[in-house]
Amino acid sequence: MADEAGDAVKIFEVKTGRLVARIKGRRLTKPVHLILHSDTLYIGAAGTGSILAFDIPAKAPQGKLKARTIIDRRLKAPSGFAIGPDGDFYVAEQLKQRVQRFSAKGQKKETFIGGLPDMPEFLVHVPDTI
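Numbering (the numbering used here), first residue to last: 7 to 136.
The set of hints was computed from the structure by calculation and includes no laboratory data.
Take every hint as true, because none was put in to throw you off.
Taking lysine to aspartate or glutamate and the EDC-like style, the derived pairs with C-alpha atoms no more than 16 Å apart in a straight line are:
(1) K70 / D9
(2) K70 / D13
(3) K30 / E10
(4) K70 / E19
(5) K36 / E127
(6) K82 / E127
(7) K102 / D124
(8) K36 / E10
(9) K102 / E116
(10) K82 / D124
(11) K102 / E127
(12) K114 / D94
(13) K111 / D78
(14) K36 / D9
(15) K72 / D13
(16) K115 / D94
(17) K30 / D9
(18) K111 / D92
(19) K65 / E19
(20) K115 / D78
(21) K72 / D61
(22) K30 / D13
(23) K65 / D45
(24) K114 / D78
(25) K36 / D13
(26) K111 / D61
(27) K111 / D94
(28) K36 / D78
Each pair of labels, with its calculated beta carbon distance range:
(29) L122 / G69: 39 to 47 Å
(30) G23 / V130: 23 to 31 Å
(31) R24 / E116: 37 to 45 Å
Just so it is clear, CB atoms sit at the ideal spot from N, CA and C, and this is done for glycine as well.
Work out the full structure: start from the sequences and follow the hints.
Shown next, in the form of structure tokens:
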């Protein structure tokens with residue numbers, strides 16, 4: 007669960023609802039969007055303009071955890087993102103009213119969509135075929 011006010015991502019046990027772990031860190035401020043892709047949880051941190059990643063272990067995590075940084079402080083209020091079929095990140099920036107494209111390693115590629123009339127949020131990749 008993204009806890010924007012608490013600057014953390016909280017992990018709960020499904021059967022009991024008990025809090026078992028927290029992902030925290032310097033770059034994790036105001037998390038607003040989570041994506042699970044393969045065995046990695048990606049976190050959009052609006053407060054630091056960053057995208058972070060937490061590799062999910064085989065055994066249930068416990069305690070205080072840290073995520074690694076993918077995109078570091080280069081975004082103006084990231085409010086949502088998606089991972090495309092090319093493996094790239096497509097990140098909605100509310101304050102810049104655009105969607106940016108980054109490589110899987112966090113290198114900026116291009117402004118994918120610019121000059122939006124509104125503040126974009128919560129992107130979802132929908133495949134051409136299901």
